[in-house]
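**Q** Put together the whole structure using the sequences plus the hints.
From first to last, the protein sequence lines stand for chains L and F.
First residue of the first sequence: 172, per the numbering used here; consecutive thereafter.
First residue of the second sequence: 300, per the numbering used here; consecutive thereafter.
Be a bit skeptical, because a hint or two may be false.
If you only want the chain L side, here are some residues facing chain F, beta carbon under 10 Å, derived [to be verified]:
| # | residue |
| --- | --- |
| 1 | Arg-248 |
| 2 | Glu-260 |
| 3 | Val-267 |
| 4 | Asn-268 |
Simulated crosslink set (DSS-like; lysine-lysine; CA at most 30 Å straight-line) [claimed, not checked]:
| # | chain 1 | residue 1 | chain 2 | residue 2 |
| --- | --- | --- | --- | --- |
| 5 | L | Lys-271 | F | Lys-517 |
| 6 | L | Lys-279 | F | Lys-517 |
| 7 | L | Lys-271 | L | Lys-236 |
| 8 | L | Lys-236 | L | Lys-279 |
| 9 | L | Lys-364 | L | Lys-279 |
| 10 | F | Lys-367 | F | Lys-449 |
Rather than coming from a laboratory, the hints here were simulated on the basis of the structure.
Glycine included, each C-beta is placed from N, C-alpha and C at the ideal position.
Read off the chains here:
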Amino acid sequence: MLDILNLHASVGGKEILKGIDLHIGEGEIHALMGRNGAGKSTLSAVLTGNPAYTVTEGSVTFRGKDLLAMSPEERAREGLFLSFQYPVEIPGVSMVNFMKTAVNERRKHLGLEPLSAAAFLKLKREKEQLLDISQKMQNRSVNEGFSGGEKKKNEVYQMAMLEPCLAILDETDSGLDVDALRVVADGFNKIRKPDTSAIVITHYERLLEYIRPDYVHVLYGGKIVRSGDASLAREIDERGFDWLEK
Amino acid sequence: MEILSLNNEEQHIVLSEGEKRHIVLLNPLCARLFVQQQSRSELSLHCLFLPESESVSSADISIMQDGKECRTVMYGMALLCGKEQFSLETHVLHNIGGGYSEQTVKCLLADSARGSFYGELVIAKDAQKTEAHQTNRNILLSPNARMDTKPQLEIYADDVKASHGATTGQLDAAALFYMQQRGIALQDARRMLLHAFLSDVMNSVPADNVIAESFDRKFNSLSV
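**A** Encoded structure:
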């Protein structure tokens, strides 16, 4: 699904990623843990093609294609989805119009006919019911005036609509209380297909109690310093990050 | 609703007591408009610069609230490209108290277009309990486009509610990236954001084919 080889990246001339190697297979969930500044969010920004970041070395292959050669929208259409740590408010652009454009771009890329208005509404209602999202929320402008929990829920809803192959959840737990976190994690588990891969970025083990990872990686100083299974996350919960950073 | 296209013309309009009127100035060239409002009259005014050919256009609009409890809602919009230029001057004079006025002016300037907005708002000494707002927001689509804006508030009464604000900038990079990450092409994302930017002005215009066609043609011709 995704192969990252010796990836180096910088922002504003400062090197943040200093040689990341990561292989993600179909249907696997990888947790990426580490302190603030370790490079977790930089990795998600680089993978999705955020223009503020520059790749200085290395390669990334996604579904057999050179990911780094693609524009951000091409990566998304190919099936890469980022659940943003801070979803952006877009006043004046309705959720419906936004989502319809996005869904049809993905369909066009997959060689499918665009959805008719009726078919789109049916799909929309189906996903809203699955995730217990109010229609009212979907009639507003993108993320405008949404609470922190609503914004994260809206990210999961968009993921449900776009059915990506690889989803990156960038600190989906930040700013959520335990109840909201459970709702969002449940939503993710409901919509995830067996072959959907995911990278779950988090500081805490708590999210990983709801979204069970197959592998856990610890990022420190722009490199992966330790990899293991879910038990590594529990160990970090007990012992912190210090012992891994020596 | 009446559509005026003043070309080197000056027009005086009086709104009598309680009268409601909606005026659209479409592509004024060198226009002067004076509106005198009597008590409890309501004026809706749109001034739209959607030039079809390279032009230098200007409108100078004066609105005098000479009766009590008048209401004035004015929208201005300019979509310019190439070497087009426009200038909009507004003078809103609250001479009697208890009135309300609101001005929203939004401009998109591409290529080497230039624009200027001068918004004068005067609240006379005796015009207590007046409420007046003025907003001017501009987006420059090219480094060679230029917009000058000058809000001018003169408030002589002490019991009023007044606000003004002017911004000139570019499209929000974070919003653009968010849309791209959902598979929307950069150009389409830019057009969607620009549409959103202008939506409050466009939604306030009563449905009219001439205006809608004029807007679509101009909007689609802009290189965003």
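**Q** Are the hints correct? Go through all of them and say.
**A** Hint by hint, here is what the structure shows:
1. Nearest Cβ of chain F to the Cβ of Arg-248/L: about 5 Å, under the 10 Å cut. The hint holds.
2. Using the Cβ-Cβ criterion of 10 Å, the hint placing Glu-260/L at the interface with chain F is satisfied: the shortest such distance is roughly 8 Å.
3. At its closest, the beta carbon of Val-267/L sits 12 Å from a beta carbon of chain F; the interface hint therefore is violated under the 10 Å criterion.
4. Using the Cβ-Cβ criterion of 10 Å, the hint placing Asn-268/L at the interface with chain F is satisfied: the shortest such distance is roughly 7 Å.
5. With a C-alpha separation of about 25 Å, the suggested pair Lys-271/L and Lys-517/F falls inside the 30 Å cut-off, and the hint holds.
6. For the hint linking Lys-279/L to Lys-517/F, the alpha-carbon distance of about 28 Å falls within 30 Å, and the restraint holds.
7. Distance restraint check for Lys-271/L and Lys-236/L: the Cα-Cα separation of roughly 26 Å lies within the 30 Å cut-off, and the hinted pair is therefore satisfied.
8. The straight-line distance between the Cα atoms of Lys-236/L and Lys-279/L is roughly 18 Å, inside the 30 Å bound, and the hint therefore holds.
9. Restraint check: the Cα-Cα separation between Lys-364/L and Lys-279/L comes to about 21 Å, which is no more than 30 Å; the hinted pair holds.
10. Taking the CA atoms of Lys-367/F and Lys-449/F, the gap is about 28 Å. The hint holds against a cut of 30 Å.
Comparing the model with each earlier hint shows a violation of hint 3 alone; every other hint is respected.
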